[in-house]
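Colleague: In case you want the letters, here they are:
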Amino acid sequence: MTVRAMIIDDSRAMRSILRRILTGLEFETSEAGHGQEALDQLTAGPVPDLCLVDWNMPVMDGYTFITQVRANPAWRNVTLMMVTTESEQSQIVRALAAGAHEYVIKPFTPDAIVEKLEILGLTSKGIPA
Amino acid sequence: MSVAAPELTDVQAIVEQVWSSFLGEAEPLLPQPVPAGAPFPAEDAWSAAITVNGTDGGWSGMVTVELAEKVAFSLTAEMLGVEDVEDGDVADAVGELVNMIGGNIKSLMPGPSALSLPVVAAGRAAHSSEAVEVARFDGLWIGQPVRVSVHVTSIGEN
Amino acid sequence: MSPHGFQSLAALVRRETAMVYEPGKEYLVEARLLPLATALGVDIDTYISRLGTDPTERRKALDALTINETSWFRDHSPYQAFTEEMLPAVLAARADRRRISIWSAACSSGQEAYSIAMLLDQHLPAGWTAEILATDVSTAMLTRVQNGRYSQVEMNRGMPATSLVKYFTRAGTDWEVVPRLRQMVRTRHLNLADPYLGLGTFDVVLLRNVLIYFDDVTKADILRRMSGHVAADGYLLLGASETTLGMPSDVASLWRREQLGRVQAHRPVLAAPQRSTYVPPSSTTAIGA
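Protein chains in written order, with the numbering used here: chain A, 1 to 129; chain B, 1 to 158; chain C, 1 to 289.
Looking at chain A on its own, in the form it has when it is part of the complex (with noise of 0.2 Å):
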């Protein structure tokens, strides 16, 4: 079954090199340039299995984004991702106490996203026999 992934940043480079790593792993991909935008996408539907999220973005930023998503029971199976370069320790701890399932600290490389989507188990690898 495909994953369905929505990647959520202000930056079209960063969307690029993320959407190619996913495509890569044979991933649906869907982009938002800013929280406000990518819940209107989730709202107009069809939900995404994982959004990959920024944190600083014009108009809504992705902590708020990932707030929105916790509070809605609709969305409780999207899995959350943030994808930032805040990186210090209590902004990592606020984003996972919000709801974040998992934290990547940009820059990243292609293997440093594959192995997050494993312990998401969202990968073909990381499916349990």
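Read the hints as simulated data drawn from the structure, not as lab findings.
Small disclaimer: the values here were computed from a predicted structure and weren't measured.
Hints should not be assumed to be uniformly reliable.
Here are a few chain C residues that face chain A, going by a calculated C-beta distance under 10 Å [as the list claims (entries may be wrong)]: (1) Ser71; (2) Val153; (3) Asn156; (4) Thr162; (5) Trp175.
Away from chain C, derived, C-beta distances all over 12 Å, residues of chain B [to be verified]: (6) Val11; (7) Pro28; (8) Glu43; (9) Val82; (10) Pro112; (11) Glu130.
Some, not all, of what chain A presents toward chain C, calculated at C-beta under 10 Å [what the hints assert, rightly or not]: (12) Phe27; (13) Asp40; (14) Met81; (15) Gln89; (16) Ala98; (17) Val104.
A virtual CB, placed ideally from N, CA and C, is assigned to each residue, including glycine.
With chain A fixed as given, assemble chains B and C onto it according to the hints.
Modeller: Okay, now just chains B and C, sitting in the frame of chain A:
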């Protein structure tokens, strides 16, 4: 007590990690010292800047990246995975580069602070006469100059 | 570096790691090997010619040339097997002593040792002690393990975010292991091809992805001598595609393979030869009064 500047070793580590993560192990970024005060050693350059705006005593500063034109275009092609590169593409890629470097420097320095959007220009960086350079890294990628510098507007309390 | 030197090196790297160094990348090889050659006081061609016969330098050269960011919880399933199968078995077997000892043999920068330490912190019951011995042929690597400091890029590799914030504190752009984890790990310099003096026995030995650096004779010798250091009811974990199958029969007969989940563990078959010359009293001797 306010901390004026990031450690040079930390700035170098950030730049090298950003570079090696996205621009491949195959072409390393090699440190290339340039004398203090010397202008950026490339004729055609692109530059990008991002500011860290501190509040309540958080650190404020500006992070600038200067790249030889060939570097700007080559790294754009690699980051975006495209062959034909236009100005808008370079602005996107170089903007993201300074965003990542600036964001990591922001995370190093005392907060609270906010990161601005990056600004990219087809030209050398120019700094106000009141800006003080507190850290600088010079390097070569594909044999061409790269510079990352950190400026503050004044040393002392915000 | 001569073209021949580059070619023979590229062949070695390809054979050992499947990584390909194509012509045009000579400068990269030079940049990465020159410090190692200089440390030995030789030029790069001389250094390259030594790699065929010097396993220590070969290991160092391959580490320097291959993309060397080791992951945390590498391959995932061995750590799952550790938590779900091996640890419960050891807890049952050592209930009297309440001590577990683990050897990370060829620890490199320490991600393996500290990954195990994290799992022990999560699953070891109160009142138990754990000792993790981390050995490596490289003193530079041992220093890294002792410092327990890792770069941001290294921390991205396979580390669950909840473990990152629980077990590490930020130090500049690096992350440092918390003291209570660092206290579980001690380091010792050891070349696996050399005798294992005074090592004792361990409940779990991790010997993962290092045998490839040795020739067949040494590989067999290591696996032979290793059986003396794994507890009779203990476990030896090799790398994902490594096995004692195909080893000379005297070595293969020392180990039996046991499937634990998706992982194959090796368990000792014969006890280590007795070292003492103690001769027990004959059965006709009366004991006691």
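Colleague: Would you mind marking each hint as holding or not holding in the structure?
Modeller: The hints, checked one at a time:
At a threshold of 10 Å, the smallest CB-CB gap from C:Ser71 to chain A is about 6 Å, leaving the interface hint in force. Taking 10 Å as the C-beta contact cut-off toward chain A, the hint placing C:Val153 at the interface holds, the least distance being around 7 Å. The interface hint given for C:Asn156 holds, since its Cβ lies 4 Å from the closest Cβ of chain A, which is under the 10 Å cut-off. Restraint check, C:Thr162 versus chain A: the minimum CB separation of about 6 Å is within 10 Å; hint holds.
With a cut of 10 Å, the hint placing C:Trp175 at the interface with chain A holds, because the nearest CB-to-CB distance is about 9 Å. Residue placement check: B:Val11 does not keep its beta carbon more than 12 Å from all beta carbons of chain C (closest about 9 Å). With a cut of 12 Å on Cβ distances, B:Pro28 falls inside the contact zone with chain C, its closest approach being about 7 Å. Interface exclusion of B:Glu43 from chain C stands, the closest Cβ pair being 24 Å apart, more than 12 Å.
Residue-level check passed: B:Val82 sits 22 Å from the nearest beta carbon of chain C, beyond 12 Å. Distance check for B:Pro112 against chain C: the nearest CB is about 16 Å away, which clears 12 Å, and the non-interface claim stands. With a minimum CB-CB distance of about 28 Å to chain C, B:Glu130 clears the 12 Å threshold, and the non-interface call stands. The interface hint given for A:Phe27 is violated, since its Cβ lies 19 Å from the closest Cβ of chain C, which is over the 10 Å cut-off.
The closest approach between the C-beta of A:Asp40 and any C-beta of chain C is roughly 27 Å, which is over the 10 Å cut-off, so the hint fails. For the restraint placing A:Met81 at the interface with chain C, the shortest Cβ-Cβ distance is roughly 9 Å, inside the 10 Å limit, so the hint holds. The restraint placing A:Gln89 at the interface with chain C holds, with a minimum CB-CB distance near 5 Å, inside the 10 Å limit. Below 10 Å, beta-carbon pairs count as interface contacts, and A:Ala98 has none with chain C, the closest being about 12 Å; its hint is therefore violated.
For A:Val104, the suggested interface contact is upheld, since its CB lies about 6 Å from the closest CB of chain C, less than 10 Å.
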